[in-house]
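Protein chains in written order, with this note's numbering: chain E, 701 to 987; chain H, 8 to 377; chain L, 4 to 333.
Don't read these hints as lab results, they were simulated from the structure.
Distance ranges between label pairs, derived from CB positions:
#	chain 1	residue 1	chain 2	residue 2	range
1	E	VAL776	L	ALA73	41 to 49 angstroms
2	L	SER61	H	THR114	18 to 26 angstroms
3	H	THR162	E	SER836	49 to 57 angstroms
4	E	PHE753	H	LYS206	51 to 59 angstroms
5	L	ARG57	E	PRO871	48 to 56 angstroms
6	L	SER161	H	LYS143	35 to 43 angstroms
7	H	SER265	E	THR929	48 to 56 angstroms
8	E	ARG760	L	ARG51	37 to 45 angstroms
9	E	ARG805	L	LYS78	43 to 51 angstroms
10	E	VAL724	L	VAL307	31 to 39 angstroms
11	L	PRO123	E	ARG711	25 to 33 angstroms
12	E	SER877	L	ARG121	28 to 36 angstroms
13	E	VAL776	L	VAL307	34 to 42 angstroms
Okay, the calculated bits of chain E under chain H, using three or more residues with CB under 8 angstroms as the criterion:
#	stretch
14	828–840
15	912–926
We put the beta carbon where it would ideally sit given N, CA and C, even for glycine.
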Amino acid sequence: MTTIAPVASRRRRTDRAMRGVLLVCTLLALVPLVFVVYYLLEQGLGALSWSFFTSDPSGRFLGDPGGVRSAIIGTVLIVGLASLLAVPLGIGIALYLVEYGKASRFAHVVRYFVDVMTGVPSIVFGLFIYIVLVLSGIGGNFAGWKGSIALALLMLPVVSRSAEVVLTLVPDSLRESALALGSPRWRVVAKVVLPTAMPGLVTGSLLAIARGAGETAPLLFTAFAVNSTTWNLGNQMNSLPIQIFNDVRQAQSNIVERAWGAALTLVLMILALTLLARLIQRRSRIA
Amino acid sequence: MRTTQLLTALLSIAVLGFGVAACGSDSSSGGGGSSSSSTTTGGGSLNGAGATFPLPVYQEWAARFKDKSGTSVNYQGIGSGGGIAQFTAGTVDFGATDSAMKDEEITAAKKKGDPVHVPTVFGAVTVSYNVKGVDKGLKLDGSTVADIFLGKVKTWDDQAIASQNSGAKLPSTKITVCHRSDESGTTKNFTQFLGVYSKVWESGPGSDKSVEWPTGTGAKGNDGVAACIKQNDGAIGYVEQAYALANKFTFASVKNKSGAYVEPTLESTSAAGEGLQVPADLRFSPIDAPGKTAYPITAATFLLVYQDVCKAGLSSGKAQSLKAWLDYAEGDGQGAAKELYYAALPDAVHTAAMKKVAGLQCNGQPIKSA
Amino acid sequence: MEAATIQHGGRPDTGRPPPSRLPDRLLRWGLTGIAAGVLVLIGYFFIRLYLESRPVFSAYGIIDFVLTDAWIPSKDRFGALPLIVGTLITSGIALLIGVPVAVASALYVTELAPVRIRQPLIILVELLAAVPSVVYGLWGVFVLIPKLKPAEQWVSDSFSFLPFVGGTVAGPNYFIAGLILAIMILPIVAAISREVMATVPVEQKEAALALGATRWEMIRMAVLPYSRAGISGAAMLGLGRAIGETIAATLVIGNAPQIADSIFGQGYTLAAVIANEFGEAAATPTHRAALIAAGLVLFVLTLVINFVARYFVNRSQRAMTRSVPTGMAG
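One chain only, chain E, in its complex shape (with noise of 0.2 angstroms):
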């Protein structure tokens, strides 16, 4: 196609120059992904063991620093709930912008808070929960729900406005010709939006979990932190973000290779759901 029209040299350089600038742009963008991969693989692959995995951190000042099994334990258990709060409710709320609430005033208000919303910090959403879960002292002091209620609402905006963006882009012809055939507007709903959106609602729902998995802040004063395994999310619990954090801070190098080895397990584990996200994505795509 560009060979249609001779192009005058000048034009032809400009055009070699930016296609040079735009690729480079691009390699430049990977350089920190090669430089993080690299690091966590060289400082974090050796603190991997068995033992790492089944061991909780022993809490000794000297020797063995012990594993990160309560951390890993406690991200799954804190995001899972998380998940199961903002992921239904995010959904919900695009799903009432895009089919009911259009161009609406209330729609405009919801709309607007639930950006409002994604500008929020992370950290302020952990001050919140602290203040009105934990300082009251409802149902105990730290506990792992009430992180888990945190991230949820750093997760909720998230889901809600690629599940909006994703709703949107499902072509109006579609919801015409269903309405035109005489289907009610919850079966349209159900059985032409939804399944046309949903491997972004997936996507968009999966890397909203993989998002509040890595998150740190919300956690810092909610769930708080703790050596032991626990499976009760009422206990103050441990978590992958957490332990870095605690460990980063630390001098001991034993201490420092266990926040290597824990990011690179946090990493994979984020990972694995990103690679789900697409594996349903793919999927879905061919049904």
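Given the coordinates of chain E, assemble chains H and L onto it according to the supplied hints.
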């Protein structure tokens, strides 16, 4: 058809989510009535938070106490300021600080009951540094240390340092100051010492758990400052001795009240307790102790509990565990502390501390030993 | 042109609604209920934070709180200027570095890259988003700070004639924090830019090419004008994330409540101060109020950014409908 399955899955997730949320709040409101004991079963654990100064020894104690009693003590080092705040807010079973609570902090805590200071160990605040080429302990007096932390002494070969260390090879490396960014009892003790020897310090930054630092990098906790020292060539900071030793830092011999340069050791730390006058509420500080062999920046560290632990919100089971933990700290713990270079309490303080622990109550009754 | 009218919520109504049935109404009111519930929650969130922060505003006044350069909790003095300046400097650096790179990579991926490597490139850029902020912090502390320090010192010495450059480079500093924030916002900005660029109608691009435009001219005349609004939105989101980013920033900015005179100096950000201090502020009402007020200032910053960004987005959308045809005619 697959899409409908996904849809059902989504809906069931939604239902599940609300279900779990409901359960979560149900169980929590049920537990709320019986206070913080709801977070544990049968007093099997204690939650504490505060000073990082004694963190190494408290964690060691916790590990040994668990072997002995089965109770796990979860101690988080969040700084003395955080320890007092969380203790006052009642979010922890015990707090910890290494500078005694101020009067207004006591007043704030009175809402839950009378706070009791239980001194546990003495430790040395070392002036640690990381300077390539200087691997011996330098001699420093209080006013020089103050000038370094004021940013007046900018390089390691400054005359102020060199004049006290004839013969030492000093590089012209720039000094990087590492200090605490959080509210810290270690900071309070260290700045109190600086204030004694530097008028400029006293009238400038002053002495408190956090001060307005004229220069330097802020880091959280003794561990954070240790990391800061380790990561920067030319860095100087103040950390508890256990941190300095674990990281193989070189630290200064500091000039004490009687004019001798004293290296922080177990002996010189203990010596700071000699002839100490201790008030009835045990809010004392051994900073700049008069003893000839005393290390001048020696600090005492305290556990914080309420006089009536049950009225402050603990179950009677937890009250027993807490008392056992404090008994351990004043008993076997004293010996274990030495392994981490913390000094045991001087006799007078130790006796007073044990009396405080024995006097703790649960709903007006003495706490039975478990 | 049909596609152009699909924008944020501005969907034209699809005609007369079908007769309302029970499931219809359930769905409708259920969803409305969720939306309303979330609105109530956010409302409570704001009101609670506002009430909690009042002590500090009544003690200092909003202007004094925001414009005083003194954050000294021990003396009960709370002026947030150093925190605000730190937040703005670091996110400014993040935008300056992050957005051009992100947009360029998005352009390359959507318009220039051979089809075979498009998907791998997209995945790679997205992987940047899979790295949690605490891991960037870890990496920043142990890799970026020590490795970049000599280079920063060289820049600081060689370009000291520039404003805000010069002096001794501190390990953790504004620039390092900004750089890490740039990396962190890059995938988001790139992803949204890509999405927007993918919606540029093929006819427009083909029309440009058919008229003899080179690839770059096609990008400049068809792709960029069409997606300018979306790119602004992407940058806006990136800015929001940079401003609120807490953990990585607190690990690499130095946590010094001061306004440094160089971008290689140490500072503090609003989010970092909250993370560091809210555990110890529980029992001191003014301190607690000051931290919540810092959080509120973060909101207001975001709100203003949102508002301004929206204004530009709207304007560029209106301009686009005119400029696209003229661009093509030229």
